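**Q** Chain A is already provided as a structure; the job is to place chains B, C, D and E with the ligands on it using the hints.
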Amino acid sequence: VTVFAAASLKGALDEVAAAWNGEVQISYAGSSALARQIAAGAPADLFLSANPEWVDWLEADGVALKRVDLLSNALVLVAGADDPRAGLDQLKGQDRVAMALVDAVPAGIYGKAALESLGLWEAVAPRVVQADNVRAALALVALGEAPLGIVYATDARAEPGVRVVAEFPPMSHPPILYPVAALTEAGAPLMGFLQSAEAAEIFTRHGFGVIAE
Amino acid sequence: MTLEVAITMRQGAFALDVAFEAPAGITVLFGRSGAGKTSIVNAVAGLARPEAGRIAVDGSVLYDSAAGVNLPPHKRRMGCIFQDARLFPHLTVAQNLAFGRWFSKTGPEQARVVEMLGIGPLMGRRPGALSGGERQRVAIGRALMAGPRMLLADEPLAALDEARKAEILPYFERLRDEMGVPVLYVSHAPAEVARLATTVVALDGGGVLRQGPAAEVLGDPQVMPLGPRAAGSVLEARVVAHHADGLSELDAGGLRLHLPAVRHAEGAALRVHVQAADVMLAIRPPEGISALNVWPAAVRELRMGSGPGAIVRLDAGGQALLARITRRSVEALELAPGREVYAVLKAVSVAPESVA
Amino acid sequence: MTLEVAITMRQGAFALDVAFEAPAGITVLFGRSGAGKTSIVNAVAGLARPEAGRIAVDGSVLYDSAAGVNLPPHKRRMGCIFQDARLFPHLTVAQNLAFGRWFSKTGPEQARVVEMLGIGPLMGRRPGALSGGERQRVAIGRALMAGPRMLLADEPLAALDEARKAEILPYFERLRDEMGVPVLYVSHAPAEVARLATTVVALDGGGVLRQGPAAEVLGDPQVMPLGPRAAGSVLEARVVAHHADGLSELDAGGLRLHLPAVRHAEGAALRVHVQAADVMLAIRPPEGISALNVWPAAVRELRMGSGPGAIVRLDAGGQALLARITRRSVEALELAPGREVYAVLKAVSVAPESVA
Amino acid sequence: MSWLGPQEWAAVALSLKVAFWATLFALPPGVCVAVALARWRFPGREIVNGLVHLPLVLPPVVTGYLLLLTFGTRGWLGGALAEVGVVFAFRWTGAALAAGIMGFPLLVRAIRLSVEAVDPKLEQAAATLGASRAWVFITVTLPLILPGVIAGAVLAFAKAMGEFGATITFVSNIPGETQTLPLAVHNFLQVPGAEAAAWRLVVVSLVVSMGALLLSEWLARRVAARVAGR
Amino acid sequence: MSWLGPQEWAAVALSLKVAFWATLFALPPGVCVAVALARWRFPGREIVNGLVHLPLVLPPVVTGYLLLLTFGTRGWLGGALAEVGVVFAFRWTGAALAAGIMGFPLLVRAIRLSVEAVDPKLEQAAATLGASRAWVFITVTLPLILPGVIAGAVLAFAKAMGEFGATITFVSNIPGETQTLPLAVHNFLQVPGAEAAAWRLVVVSLVVSMGALLLSEWLARRVAARVAGR
Ligand SMILES: Nc1ncnc2c1ncn2[C@@H]1O[C@H](COP(=O)(O)OP(=O)(O)OP(=O)(O)O)[C@@H](O)[C@H]1O
Ligand SMILES: Nc1ncnc2c1ncn2[C@@H]1O[C@H](COP(=O)(O)OP(=O)(O)OP(=O)(O)O)[C@@H](O)[C@H]1O
Ligand code: MOO
Ligand SMILES: [Mg+2]
Ligand SMILES: [Mg+2]
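Protein chains in written order, with this note's numbering: chain A, 78 to 290; chain B, 2 to 357; chain C, 2 to 357; chain D, 339 to 568; chain E, 339 to 568.
No false leads were mixed into what you were given.
These stretches of chain E come out as covered by chain A in the derived footprint (C-beta under 8 Å, 3 or more residues):
1) 407-414
2) 510-516
3) 524-537
Not everything, but these chain E residues come out facing chain C in the computed CB check (under 8 Å):
4) A463
5) A465
6) S470
The set of hints was computed from the structure by calculation and includes no laboratory data. Computed from a prediction, not measured in an experiment: that's the story for all the values here. Glycine residues also receive a C-beta, built at the ideal position from the N, C-alpha and C atoms.
Here chain A stands alone, though its shape is the one from the complex:
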């Protein structure tokens, strides 16, 4: 089975795949690249996107698929591991804020939405440094290049170099959903396993929220 998965799922998905007793190949890349490849006829059986939009786009493009929303995530504000600050108010200072691309990458888009709904965007925007993806934003904070960062809760948990300063209220941004789409019959069994309790346990351990049926 060939799985196309958003790069940010890598750690957790690798573990799930290992737990499954079947042959799996996972191609990790940006959701946009993967979606386009699928549209261009890529031999993928399963597609895990980092946001629902690219699955919508595939459906609109006429690709036949079966989808469910598999995982959810939360958005947090992080700082370096030895930075004792706390609270979203830290965003009001003069520090640079690392985010994923705010107009392109899901984590960035959600982050921008959250800041807007909190009325902080105007003030923060000039200090935002946009990384290619959320992991790169995380790395900027871990390296100390950016004192603050807005990333997924899962990332913050995996990176010992950062600590969570504050969580964004779930209501401040659209729900962060990871849909999974089966593109072929061969993808169906693995899709089933992804929804199993065993898989759910692994995902939860990595900090994801598992969306029940």
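**A** Coordinates of chains B, C, D and E with the ligands only, in the frame set by chain A:
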């Protein structure tokens, strides 16, 4: 085989406009630096394209602007010896020599060429490790080895010492006399020209100044590029005998000539270039002198130069002979057309390269 | 100024091991192709590094392996004229000429150099648009214009026609005689050597065969690379009078010489190279002949060659003179050391380039 | 080296394979285009020149996307080629194609510079000796531009070893099939804390590339020595 | 062209600025390194050669990451430089640095090939005329390698126009400060349906680069004509 050239060409401010015929044998292009010699050679080789005109070898057209013919260089089979050797730097001497052979499959024996040029010890080297003269010799060998139907040699011997020249010149003569390979030869050296040329084309400023058989052009004291000093006469002679003391006796239409031994067999025909400056005149047969060649002759014509010299055209037993002496001597000896005199030529005055 | 060279060097299988001194004036390196002439020039210029030895000009050391001295080329101020012109392709002729001047700030007047070399019309062109001879002339000009303290000229005139040579040679002479710029000059042409050389260094296979003052080396019929034909004697003479008929009268230590007009002023000293082959011998004073120079002389030595010729060393009123005649004449005239003879030389036999 | 897992080894092997074939296949057209640009004046010359430089100018992702549109199974060329059995999409061959195209401008420039440095007089000399245009090229031009060809090949090979954006966009990141070293490195960088694994792969990639570099330098020196002294 | 928004125009202007300065600053060291590699034998020569090729071999993201570690505000060099007022991190200067470093191997190779094609005999001739090493370089070598310098500059400029991975990793994507054309294009490609905007920027980038290319070809031809005929 005859090469016919009639072209016009332009290079910057320089305009070439020449027409000449090069019959079998060696045709020497002669002229001052910048006269257009290399340009002609390039046009014949197909490396430069004339503006208009025609170039043909033995009737087969190489270039004809009217007919729209322009054979590419590799179809012309002209063996070129360039003024700058142009050896292939990535190939050894041996590979350079073999290059043309590979395409033509014919040509002279390699061993002979290598021996004549004295390049045996260089065979494994690359051009970068050769001296100037060595490079030029390899370039000569490369052109010869390709077995071309015609040779274009642009000052091939300029970089070589006298001894080496003396070794290579006979080869060009053999090409001329035995193999019938026509040669277009650029040279500045009067002795070389006199010795080799069947035909001489004297160039000046992109045009032909004078052309014709070597004896004629060289016998003309007016040919400017040579200067009067190089004037001379060419005697058609035959070997009568080789003497034990190292001298050869020749017969030139009745004239007896004694020269340092020539390599031709008894009975063989050859040409001797006698420089006008080497001929002395006497009104009595001189006696007790070291000169071996003394011929009665009649003065035909006197040409006074602008300087101290004069050219005396003589008839020595039917052979035309030129003598260059001082005007003072003309007066002292009371020379005038019709006067009977004796022409004196030292045997050793005739350089080996003047015999062919 | 004296150049002292004593070096060993190796290039592939070729080993150079020479020691010679070049006093003020022109020192000609003479030798067959591949003898090592260019290698020596490169070592003196600092372009090739000898294995060991010493090179010094006037006591200032350019290279000394023992002392670990090796001056870089640009500090040596040697003006080089290379066998291949090596003009800068990206610069015009004028810029090429100006190149060295820019660094030295001294040197001859540009207009004079340009005029002598006849390169005025080429000034705006790039080397790619020059003929072979034109390139070489520009290269000569470039080296001269840098006002070097010494000139290294590697066959500078090989690609030039006789007329152009005759124009440039006097310039080298002036360098020698007036400006005191020492010149190391590579040449194959015996006439050039005879005319220019103060000192001759004859090379063979990487070693010095013979070296010494020009008159001595050239007067030695044994100097191999020259071949016996080029043997000759050098007369130190003084201009006595210029005659109206275009002849100059010279006095060489008692000998009266009549030559086509020389350009030297009356009273000026000059050297005349008399080729042995141009001298005839007679046992009686010849009369009624066109030769203007007849001198009583005594035979000093006879050297029979392996061929038909013989070299006769003469003493003509204290001047050493060589004559090359046939062995047959030696016998006919019963020549032997001590015999009194008459040496005969045609005025026009002395080429303009043999007078300096 | 037990510190590399089987998947990493597969990436190393794949990268070598991809870089090798990319370079090999890019060379002949690279030489042709370089010679054409250096020596010929033909209509559309500037367009060809522009096309060659395209992969350099475009963001790699765009190049990859264009490749996907062209050579994907649904692409206009990809479909036609698939019928004759040549498939690039999501195969290692596609990774090689992407790497070859990304390296092509580097290859062409290096060779072109060499061609422009060849003295046409030598080619003329060869022609007078009877060599046709093609033979002149094979016997004179090609040997003389060899240093440039080697330099170009090294650049293309190095680029192929490092190419990421176009490859991942065109053929995805499929372990064992299209996951070259840079993609594997990218994978590791996606996992917080896996930097060590990423650096290991970077080191491997450096060792391989520096090896190729040394080899090429040595080759170039040999070639240059042959043509030494000019 | 009203079909480009102000942010896009800013990206175009920034890309030009970045590419220009990257090329300009890379040229002098590029020429030096190229000459050193072509002409000198010194210890560590192979290491320098390897370092020069590094940005080609490494995935751009890794290069960007290394730049971040070195020139970031916490980087060992970045910290020191910041004290003398030179800051690269998250500035357009950083984007230029990244672009310059990515283009450096291309620049060096092109120039190096030209240097290797210069006949040392001409340099020797200049030396005998009194020119010191430095003057020989300025008056003879440099003019003769000009075609290679131009070629190298074009490659570097083109690469700078297209560089993405190292730039975004090193200086992030800050509109107006570090958002070059490729980053803007990438932005659009990430969003479903924004392809049209992406293509618009690609076209702008092509126009600019092809303009630079034509200019360089014209320059190179003029230079070559000057040295024509050899
Ligand atoms: N790089 C080299 N490797 C090996 N041998 C060399 C190299 N360079 C020159 N030689 C040899 O050294 C000898 C001397 O060369 P050099 O150039 O000094 O000769 P030359 O006297 O100037 O000859 P020419 O009159 O032909 O120019 C020649 O036999 C030549 O083959
Ligand atoms: N590319 C060019 N542009 C302008 N003029 C040129 C070009 N090539 C040659 N010339 C001129 O054409 C003339 C003839 O050149 P060519 O090379 O035929 O002379 P040449 O008779 O071979 O002289 P040399 O004996 O000096 O080699 C020269 O005056 C030269 O300056
Ligand atoms: O940015 Mo890169 O230059 O190849 O992906
Ligand atoms: Mg010529
Ligand atoms: Mg030499």
